[in-house]
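Protein chains: 2
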Amino acid sequence: MTFMEKLKHSSQVNRSLVCVGLDPERTKLPECVREKEHALFEFNRAIIDATADWVCAYKPQAAYYAGQNADEDLKLTIDYIHERAPEIPVILDVKRGDIGSTATMYAKEAFERYNADAVTVNPYMGFDTLKPFLDHADKGVIILCRTSNPNSGDLQNLVCGGKMVYEHVALLARDRWNYNGNAALVIGATYPEELRHVRELCPDMPFLVPGVGAQGGDVEKVVKFGCDRTGHGIVINSSRGIIYADKTENFAAGAGNAARELRDLVNSFRD
Amino acid sequence: MTFMEKLKHSSQVNRSLVCVGLDPERTKLPECVREKEHALFEFNRAIIDATADWVCAYKPQAAYYAGQNADEDLKLTIDYIHERAPEIPVILDVKRGDIGSTATMYAKEAFERYNADAVTVNPYMGFDTLKPFLDHADKGVIILCRTSNPNSGDLQNLVCGGKMVYEHVALLARDRWNYNGNAALVIGATYPEELRHVRELCPDMPFLVPGVGAQGGDVEKVVKFGCDRTGHGIVINSSRGIIYADKTENFAAGAGNAARELRDLVNSFRD
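Residue numbers (my numbering), protein chains in the order written: chain A, 21 to 291; chain B, 21 to 291.
The set of hints was computed from the structure by calculation and includes no laboratory data.
C-beta: ideal position from N, C-alpha, C; glycine also.
Keep in mind that a hint or two might mislead.
Stated by the list, open to error - Okay, derived cross-link-like pairs now, SDA-like style, lysine to any residue, Cα gap no bigger than 25 Å in a straight line:
#1 A/128 <-> B/184
#2 A/151 <-> B/184
#3 B/48 <-> A/132
#4 B/183 <-> A/148
Stated by the list, open to error - So the derived list for chain A, only partly shown, Cβ under 7 Å to chain B, looks like this:
#5 87
#6 92
#7 148
#8 175
#9 247
#10 248
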């Protein structure tokens, strides 16, 4: 199955538009796992076991593994998801963007070394830096458009020819970069009006929507403005709000509850 | 010493504005090193020994290590440069850009795990995603401005309020992001007119200039348009043109010659 098929399937089977961000920080882990070998993986494994019925995707953030010298934990985590919940796609959040020969190496990293189903990429350098990812027709390529962070407007909101830079990205993705039908966009939950607007521009493209939970995005608006006409088309990511919902040895159950509650909250707005 | 001091010092001591890009690809290595344990590092070590008198910086491209499951080789390479040529700064080319909490993890990766002197970053997501790097006042933060690849104009050349996006980046870097005096810009050698223009906008900021050699940039124009008023201020990177100058077992001597020749060619256009 392609990423797009896998995502559609998992959304339907689990009746869920929720993605869990697997961004574990060693110092924030419960004491019962912190000292274990491969502590980040052990933490993730328990979270995955507890949430696999409530989510449509997992999204490990590569920086947490790279910054903590834990590449092996990332590999173990993705392998475990494929084994434990093979119907759920893995989005490797790396936000890569580099010249063609280098982007080819990054595509190897994401799709061969780590066996991810999809990857996030940065469009600043233009089409030839995205092509080595987009050429993998079975993989998802999720392009930063309007990001959730406070200063995302520094460049993304500059107005060029009557359209903001993020609108140009949405239109380039729709009209030029989606030749394999595997492109998607990142739109932050913290900018619901922009989410509504990009949905108008791109009625059929999936959106990865981070920024609910710790970053404060409004779930109701995300669902109402972000869903496509089939009531799907968004992947709502929560990281800290789920993985740290309970900081005791019951963290996994707490994460399971938080994921189910977010799924149910999202579904309550889906008519 | 800060990155900026180290770079100034190495440029003067070696009378060089040349940076060697350490982007080894296993299948392209000479047979005599290809099968060794830590082949990428062994290749790099020989290149470093042969070029250390002719360069002002080294720039390993993280993708080549990440994509070939060779993080250890990257660590060994940077450690070796610090030991063998402690006066020469290491620019870790990663082009990161992510929300604050994640960028903090990437800064740990670059500055703690790998002990780089400088890092490349992507400005698409705005100031708060660059701040975790810029706050390290002793480290260099080299921001993508006008990149060397063919489609870099897709976003970078959009005109907003009379200025192209890459000009906005140059002005933001100059006026708002350089609060610690540690910001620099990436300008591709393949766009010499833009290089001249950004030098006018930012007379005192160092530029990392990739794109000579395999990508075809014109060295004379890079030097004439890129240097600051002291005849410094540019770091001209060549990767494939130096590391693959000779593909036999004499590869290291070939790289040394290529680095020296590029240094001398660059210097022939200075003052």
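Status of each hint after checking the structure:
1. A C-alpha spacing of about 33 Å is found between residue 128 of chain A and residue 184 of chain B, which places the hinted pair above 25 Å, so the restraint is violated.
2. For the proposed pair residue 151 of chain A and residue 184 of chain B, the alpha carbon gap of about 24 Å is at most 25 Å, so the pair holds.
3. Under the criterion of a C-alpha separation no larger than 25 Å, the hint pairing residue 48 of chain B with residue 132 of chain A is consistent with the structure, at around 19 Å.
4. Restraint check for residue 183 of chain B and residue 148 of chain A: satisfied, since their Cα atoms lie roughly 23 Å apart, inside the 25 Å limit.
5. Hint on residue 87 of chain A holds. Least Cβ distance to chain B is approximately 3 Å, under the 7 Å limit.
6. Given hint, residue 92 of chain A at the interface with chain B, is violated; its Cβ is 10 Å from that chain's nearest Cβ, farther than 7 Å.
7. Here the hint on residue 148 of chain A is kept, as its CB sits about 4 Å from the closest CB of chain B, short of 7 Å.
8. Against a cut-off of 7 Å between C-beta atoms, the interface hint on residue 175 of chain A holds, since the closest Cβ of chain B lies about 6 Å away.
9. A least Cβ separation of about 24 Å between residue 247 of chain A and chain B goes past the 7 Å threshold, and the interface hint is therefore violated.
10. Interface hint status for residue 248 of chain A: violated, as the beta-carbon distance to the closest one in chain B is roughly 25 Å, over 7 Å.
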